[in-house]
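Chemist: Sequence:
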Amino acid sequence: MALVILIASLAGGAVWLSQQQRDGLEAGTLIAEDAVDALVGRTAEVRVPWGSLQVTVSEPLAETAEGTQAGHDASLVGVQVALDGPEDLLVADRLPDGALEDPTFTLVADGEEFLLEGLNGWVKDNQVAQVARRQYVALKGEPAEIALRVGYDGVDQVVDGLTGTLDRSAAEPLYQLGFAAGAQPCGDPLWSPEASDAGKAVTTCLVSSSAQRPYVAGLGWAPEGRSWLVVTLLGGAPTEFAGPNGTYDVAESESTYLLDGQAPDEAFALNDALPAGAVEDANDPQVLVFEVAPDRPTGQFEVRTSLTGETEVATGKQGKGKGRTRTFEALVALGAFV
Numbered sequence: 004m005a006l007v008i009l010i011a012s013l014a015g016g017a018v019w020l021s022q023q024q025r026d027g028l029e030a031g032t033l034i035a036e037d038a039v040d041a042l043v044g045r046t047a048e049v050r051v052p053w054g055s056l057q058v059t060v061s062e063p064l065a066e067t068a069e070g071t072q073a074g075h076d077a078s079l080v081g082v083q084v085a086l087d088g089p090e091d092l093l094v095a096d097r098l099p100d101g102a103l104e105d106p107t108f109t110l111v112a113d114g115e116e117f118l119l120e121g122l123n124g125w126v127k128d129n130q131v132a133q134v135a136r137r138q139y140v141a142l143k144g145e146p147a148e149i150a151l152r153v154g155y156d157g158v159d160q161v162v163d164g165l166t167g168t169l170d171r172s173a174a175e176p177l178y179q180l181g182f183a184a185g186a187q188p189c190g191d192p193l194w195s196p197e198a199s200d201a202g203k204a205v206t207t208c209l210v211s212s213s214a215q216r217p218y219v220a221g222l223g224w225a226p227e228g229r230s231w232l233v234v235t236l237l238g239g240a241p242t243e244f245a246g247p248n249g250t251y252d253v254a255e256s257e258s259t260y261l262l263d264g265q266a267p268d269e270a271f272a273l274n275d276a277l278p279a280g281a282v283e284d285a286n287d288p289q290v291l292v293f294e295v296a297p298d299r300p301t302g303q304f305e306v307r308t309s310l311t312g313e314t315e316v317a318t319g320k321q322g323k324g325k326g327r328t329r330t331f332e333a334l335v336a337l338g339a340f341v
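Residues in the sequence shown are numbered consecutively from 4, following my numbering.
Hint data in this document are derived by calculation from the structure and do not stem from the laboratory.
From the three backbone atoms N, C-alpha and C, an ideal C-beta is built for every residue, glycine too.
A portion of the hints provided could be inaccurate.
[Stated by the list, open to error] With a straight-line cut-off of 16 Å between C-alpha atoms, the simulated EDC-like cross-links for lysine to aspartate or glutamate are:
id, residue 1, residue 2
1, K127, D100
2, K143, E115
3, K143, E116
4, K143, D76
[Unchecked claim] Pairwise CB distance ranges, derived in the manner of DEER restraints:
id, residue 1, residue 2, range
5, L277, G114, 39 to 49 Å
6, E62, V282, 32 to 42 Å
7, G223, Q57, 18 to 28 Å
8, E283, G223, 20 to 30 Å
9, F182, T207, 18 to 28 Å
10, T318, S195, 22 to 32 Å
Required output: the full structure, derived from the provided sequences and hints.
Modeler: If you want it as C-alpha cells, here you go:
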C-alpha cells in the first residue's frame with residue numbers, strides 16, 4: 004500500500020510541475036506598474052529634444068515589484084523612465100505646425116524585440132508630463148544580452164541593460180547644447196534714396212536670442228554635420244517714414260531676412276508656435292531658422308524691409324483743391340552680428 008501511495012505522490016508531483024511550466028508567462032507579455040519607488044538596475048541619462056530622461060533597466064527578475072511572477076523557465080525585465088523635474092526639460096524649438104513627439108522604447112533581448120507601449124504618453128498638446136513610468140516584459144529564460152532602444156523621429160539611442168552604457172549615435176549633438184547667445188541690437192538703418200526715418204520714429208530691431216539646435220519640431224533633425232540656428236527678432240518695420248512731399252504712413256510692408264547672404268529655411272511669428280492657452284507676446288517676435296555649420300564664426304544678419312507709404316497731397320491752386328493720396332516705395336535695411 005505504501006508503494007502505491009508513493010507512486011501516486013510522484014505522479015501528482017509530475018502533474019504539478021507540468022502545470023507550473025504551462026503557467027510561465029508567455030514571452031512578450033507586458034505588465035505596467037506604478038513607479039512609486041526606484042527600480043533597481045542600470046541607469047542612463049537619455050536626452051530627447053524636449054528633455055533629459057532617466058532610464059533604468061533591471062536585471063532579469065523572478066517577479067515584479069507588485070508580485071506578478073514570471074513562472075517556470077521565464078523571467079521579467081523591468082524598464083523605468085523618469086523626468087525628475089523642470090530642470091530636466093530642454094528648450095524645444097518648433098514650427099507652428101510642428102509637434103513634440105513621444106519617444107519609443109524597445110527592449111531587445113538576445114536579438115528579440117519588444118515594444119514597450121506602456122512607457123508612452125509623455126507629450127500632450129506640446130506639453131510634457133513630468134511623471135515616471137514603469138513596464139515589465141516577460142522573457143523566455145534569462146537572456147544573455149539585454150538592451151533598450153530609445154527612438155525619436157528616426158534617430159535611435161541604445162542603453163546596454165547589463166552595463167548602463169549609452170550609445171548616443173546621431174543624437175550626440177543633444178548632449179552638446181550651448182547657451183543661447185545674448186541680445187544683439189541692430190545697427191543704424193540704411194534707407195533707399197529720398198527716404199529716411201520720420202522724426203522720433205527711429206527704425207530699429209533687436210536680435211533677442213540666437214541658439215544652435217540639432218532638432219526643430221516640424222523640420223526634424225539637422226542634416227549630418229549641420230545644425231539649425233534659431234534666431235528670435237524683435238521689431239524692424241516702421242509705421243511711418245519720411246519721403247518726398249512729407250511723411251508717409253506705411254500701408255504695406257514685407258521683410259526678408261539673410262544670414263551671411265543665406266535666406267532662412269523657415270520664418271514665422273513666435274506667437275503662432277505657442278502652446279494652446281499661452282499668453283502671447285505683445286512685441287510679436289519673429290523666429291528665423293537657418294541651416295549652418297556647427298562651428299560657424301559670427302556672421303552678418305540682415306533685415307531688409309520693403310515699404311509702401313501713403314500721404315495726402317493737396318491739389319489745385321494754392322493747395323485748395325481736393326486732396327489725393329500719393330504713394331512712395333522705400334527700402335530700409337538693418338543688420339546685426341549673429
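Chemist: Is the gap between the beta carbons of E62 and V282 within 32 to 42 Å?
Modeler: violated (48 Å)
Chemist: Go ahead and decide if the range 18 to 28 Å is satisfied by the Cβ distance of G223 to Q57.
Modeler: holds (25 Å)
Chemist: Is K127 close enough to D100, meaning Cα to Cα at most 16 Å?
Modeler: holds (15 Å)
Chemist: Does the Cβ pair T318, S195 satisfy 22 to 32 Å?
Modeler: holds (26 Å)
Chemist: Decide if the proposed pair is consistent with the structure: K143 and E115, CA atoms, cutoff 16 Å inclusive.
Modeler: holds (11 Å)
Chemist: Between the alpha carbons of K143 and E116, is the straight-line distance 16 Å or under?
Modeler: holds (13 Å)
Chemist: Quickly compare the C-alpha distance for K143 and D76 to 16 Å and report which way the hint goes.
Modeler: Roughly 6 Å separates the two Cα atoms, so the pair holds.
Chemist: Using the beta carbons of L277 and G114, state whether their distance is inside 39 to 49 Å or not.
Modeler: Given a distance of about 45 Å, which is inside 39 to 49 Å, the answer is holds.
Chemist: Quick check: does the Cβ-Cβ distance between E283 and G223 fall within 20 to 30 Å?
Modeler: holds (26 Å)
Chemist: A range of 18 to 28 Å was offered for this pair. Does it hold for the Cβ distance of F182 and T207?
Modeler: Roughly 25 Å apart at Cβ, these two residues keep to the hinted range, so it holds.
Comparing the model with each numbered hint stated earlier shows that hint 6 is the single one that does not hold.
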